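Generate the whole structure from the sequences, applying the supplied hints.
First residue of the sequence shown? That's 1 in full-length UniProt numbering, and the numbers climb one at a time after it.
In short, the hints are calculated from the structure, not lab data.
Predicted model, so just to flag it, every value in this text is computed and none were measured.
Among the hints, erroneous ones may be present.
Unchecked claim - As a list, the in silico EDC-like pairs of lysine to aspartate or glutamate whose alpha-carbon atoms are at most 20 Å apart:
id : residue 1 : residue 2
1  : Lys271    : Asp299
2  : Lys297    : Glu619
3  : Lys31     : Asp79
4  : Lys235    : Asp198
5  : Lys357    : Asp389
6  : Lys347    : Glu596
7  : Lys357    : Glu414
8  : Lys297    : Glu105
9  : Lys297    : Asp21
10 : Lys584    : Asp608
11 : Lys521    : Glu457
12 : Lys475    : Glu414
13 : Lys129    : Glu92
14 : Lys271    : Asp316
15 : Lys24     : Asp72
16 : Lys177    : Asp192
17 : Lys570    : Glu587
18 : Lys36     : Glu23
Stated by the list, open to error - Pairwise CB distance ranges (calculated):
id : residue 1 : residue 2 : range
19 : Glu457    : Lys591    : 51 to 59 Å
20 : Val162    : Tyr14     : 30 to 38 Å
21 : Asn557    : Gly255    : 34 to 42 Å
22 : Met275    : Lys584    : 57 to 65 Å
Each residue gets a CB set at the ideal place from its N, CA and C atoms; glycine is no exception.
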Amino acid sequence: MLRSTLAQQGTPVYSVAWGPDSEKVLYTAGKQLIIKPLQPNAKVLQWKAHDGIILKVDWNSVNDLILSAGEDCKYKVWDSYGRPLYNSQPHEHPITSLAWAPDGELFAVGSFHTLRLCDKTGWSYALEKPNTGSIFNIAWSIDGTQIAGACGNGHVVFAHVVEQRWEWKNFQVTLTKRRTMQVRNVLNDAVDLLEFRDRVIKASLNYAHLVVSTSLQCYVFSTKNWNTPLIFDLKEGTVSLILQAERHFLLVDGGGIYLYSYEGRFISSPKFPGMRTDILNAQTVSLSNDTIAIKDKADEKIIFLFEASTGKPLGDGKHLSHKNEILEIALDQKGLTNDRKIAFIDKNRDLYITSVKRFGKEEQIIKLGTMVHTLAWCDTCNILCGLQDTRFTVWYYPNTVYVDRDILPKTLYERDASEFSKNPHIVSFVGNQVTIRRADGSLVHISISPYPAILHEYVSSSKWEDAVRLCRFVKEQTMWACLAAMAVANRDMITAEIAYAAIGEIDKVQYINSIKDLPSKESKMAHILLFSGNIQEAEIVLLQAGLVYQAIQININLYNWERALELAVKYKTHVDTVLAYRQKFLETFGKQETNERYLQYAEGLQVDWEKIKAKIQMEITKERERSSSSQPSRNTGLKL
1 MLRSTLAQQG TPVYSVAWGP DSEKVLYTAG KQLIIKPLQP NAKVLQWKAH DGIILKVDWN
61 SVNDLILSAG EDCKYKVWDS YGRPLYNSQP HEHPITSLAW APDGELFAVG SFHTLRLCDK
121 TGWSYALEKP NTGSIFNIAW SIDGTQIAGA CGNGHVVFAH VVEQRWEWKN FQVTLTKRRT
181 MQVRNVLNDA VDLLEFRDRV IKASLNYAHL VVSTSLQCYV FSTKNWNTPL IFDLKEGTVS
241 LILQAERHFL LVDGGGIYLY SYEGRFISSP KFPGMRTDIL NAQTVSLSND TIAIKDKADE
301 KIIFLFEAST GKPLGDGKHL SHKNEILEIA LDQKGLTNDR KIAFIDKNRD LYITSVKRFG
361 KEEQIIKLGT MVHTLAWCDT CNILCGLQDT RFTVWYYPNT VYVDRDILPK TLYERDASEF
421 SKNPHIVSFV GNQVTIRRAD GSLVHISISP YPAILHEYVS SSKWEDAVRL CRFVKEQTMW
481 ACLAAMAVAN RDMITAEIAY AAIGEIDKVQ YINSIKDLPS KESKMAHILL FSGNIQEAEI
541 VLLQAGLVYQ AIQININLYN WERALELAVK YKTHVDTVLA YRQKFLETFG KQETNERYLQ
601 YAEGLQVDWE KIKAKIQMEI TKERERSSSS QPSRNTGLKL
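Below is the structure:
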């Protein structure tokens with residue numbers, strides 16, 4: 001039954017496709033493409049896409065990309081805003097068919113005596129010339145391994161996707177036939193053949209393991225022994241995504257998300273309301289040893305975070321929320337659960353980083369870079385790389401933004417990215433080797449310095465003397481800056497002082513020296529937190545230790561007058577101290593008091609600096625006496 005007429009025009013509509021959210025329809029109008037929302041008053045998007053009549057379109061629900069082809073003998077890739085991403089060279093004949101693979105990683109193109117397999121970015125994997133006439137329609141199997149084509153000569157052509165390749169360190173795995181893989185060790189040219197009972201659907205090679213899913217089973221191979229895989233049956237055969245971490249791997253199929261150990265033991269299955277597994281891909285799901293992150297498709301500003309061991313929401317159960325739609329997410333792979341970070345790119349192509357732990361207060365989301373197109377974490381340490389506008393950038397210690405943002409530029413490595421051409425993509429970041437795929441499909445390998453990874457290893461093992469020795473050997477400002485931030489983050493102020501001195505940050509060296517002279521451990525901890533910009537945490541540390549005056553003085557030093565008076569009134573102490581410093585501040589700048597609260601408490605109060613100084617000295621003496629009675633260790637002032 002015809003429910004409504006969405007659009008009418010004077011030219012034939014040769015092809016139509018639903019949008020990923022089923023709220024929009026894409027259709028052809030001569031040389032134009034039109035995206036028409038179902039809501040009557042919503043804005044219609046229309047643009048000229050080809051120089052000839054457009055014959056075929058397709059819109060993928062996973063990657064949100066649009067394909068179009070027409071009588072100008074070209075096929076093109078667009079984003080959902082109508083921006084061109086790829087424009088093919090003209091073929092000999094008009095393109096009569098095209099179709100996305102279900103997972104959005106590949107698409108097929110059909111023409112006269114021509115069947116072409118392409119990557120989602122547009123470049124061609126393979127070209128076949130079957131004697132079929134024009135291929136008028138293409139359909140993919142649900143597992144994305146086979147293609148059927150309706151041909152002009154009355155035949156139906158079938159094709160299978162083979163020659164897929166996976167690489168990790170010195171191993172190269174190739175799918176040579178539907179049920180056969182070849183493993184090659186490039187160090188000694190040893191070759192192993194892996195035979196499977198059913199056709200291979202998905203595979204992943206990482207962290208010394210090859211995970212292969214067939215239509216019925218999952219195989220887990222260790223790179224140390226290719227002869228005895230671990231095999232277990234799958235609940236549903238069509239696996240659409242495999243992700244690996246050091247301790248376990250993740251399978252996504254039509255029924256859900258499943259986490260398994262490399263011994264084949266089922267660990268957990270995270271779920272959230274409205275979850276659609278058919279539209280998940282490597283950009284919207286991320287896995288680490290202790291955390292699973294999934295971007296919500298219904299509200300693309302939200303990331304759900306789960307404990308890997310239980311599948312339950314992380315922390316207090318709150319999701320991570322951002323102000324803009326998120327395009328790509330990635331969890332770091334090393335370190336403790338409490339220090340786990342997630343990096344993500346939003347629709348403005350800004351790169352952000354934040355902590356995944358959610359307990360009560362909202363964790364700060366900090367911008368790391370702008371115009372970032374693709375990112376990847378190193379698999380051996382928490383180093384982040386990305387393609388940023390016209391530069392390839394490596395953040396050797398991204399956590400610097402939480403410790404000392406001033407020295408962040410000194411912790412970066414940058415090089416020109418023009419050699420990677422337009423729309424490159426980071427494939428992997430293994431050790432100190434970054435693999436980038438260019439727009440033409442070729443792979444480029446970049447080696448970065450191995451020393452930052454060694455520095456990360458020393459710091460994680462608390463080998464501070466070795467870390468300093470390494471920096472002195474390398475003699476690079478980048479290494480010293482990373483060590484300075486790492487030392488402050490780990491409360492090792494001796495190492496921090498050495499590192500800051502090496503990069504010429506004299507003011508910070510002096511501040512660290514002033515921290516040493518503070519009488520109590522709590523004061524030292526608070527000032528280290530202040531050094532990192534954590535004002536609230538510093539205040540909490542002092543108040544919990546009963547050092548109310550010190551908490552008030554911190555706010556006075558930061559000109560946070562409202563909070564200073566609030567604390568003084570709440571704890572009924574040093575109100576006159578706050579008023580005196582406020583009066584001195586106003587006199588220095590030649591201003592009159594306008595704050596009503598200060599005017600209220602200043603009524604009838606005479607400021608006596610001698611009395612105030614005596615009270616302050618008494619507070620310092622009291623803190624010193626309490627500190628000496630608790631007999632702190634000799635290094636308390638330096639390592640907290």
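Do the hints match the structure? See the list:
no.: 1; hint: Lys271 / Asp299; in the structure: holds (16 Å)
no.: 2; hint: Lys297 / Glu619; in the structure: violated (56 Å)
no.: 3; hint: Lys31 / Asp79; in the structure: holds (17 Å)
no.: 4; hint: Lys235 / Asp198; in the structure: holds (15 Å)
no.: 5; hint: Lys357 / Asp389; in the structure: violated (30 Å)
no.: 6; hint: Lys347 / Glu596; in the structure: violated (44 Å)
no.: 7; hint: Lys357 / Glu414; in the structure: violated (30 Å)
no.: 8; hint: Lys297 / Glu105; in the structure: holds (18 Å)
no.: 9; hint: Lys297 / Asp21; in the structure: holds (9 Å)
no.: 10; hint: Lys584 / Asp608; in the structure: holds (12 Å)
no.: 11; hint: Lys521 / Glu457; in the structure: violated (28 Å)
no.: 12; hint: Lys475 / Glu414; in the structure: holds (18 Å)
no.: 13; hint: Lys129 / Glu92; in the structure: holds (12 Å)
no.: 14; hint: Lys271 / Asp316; in the structure: holds (16 Å)
no.: 15; hint: Lys24 / Asp72; in the structure: violated (26 Å)
no.: 16; hint: Lys177 / Asp192; in the structure: holds (14 Å)
no.: 17; hint: Lys570 / Glu587; in the structure: violated (26 Å)
no.: 18; hint: Lys36 / Glu23; in the structure: holds (9 Å)
no.: 19; hint: Glu457 / Lys591: 51 to 59 Å; in the structure: holds (54 Å)
no.: 20; hint: Val162 / Tyr14: 30 to 38 Å; in the structure: holds (32 Å)
no.: 21; hint: Asn557 / Gly255: 34 to 42 Å; in the structure: violated (58 Å)
no.: 22; hint: Met275 / Lys584: 57 to 65 Å; in the structure: holds (60 Å)
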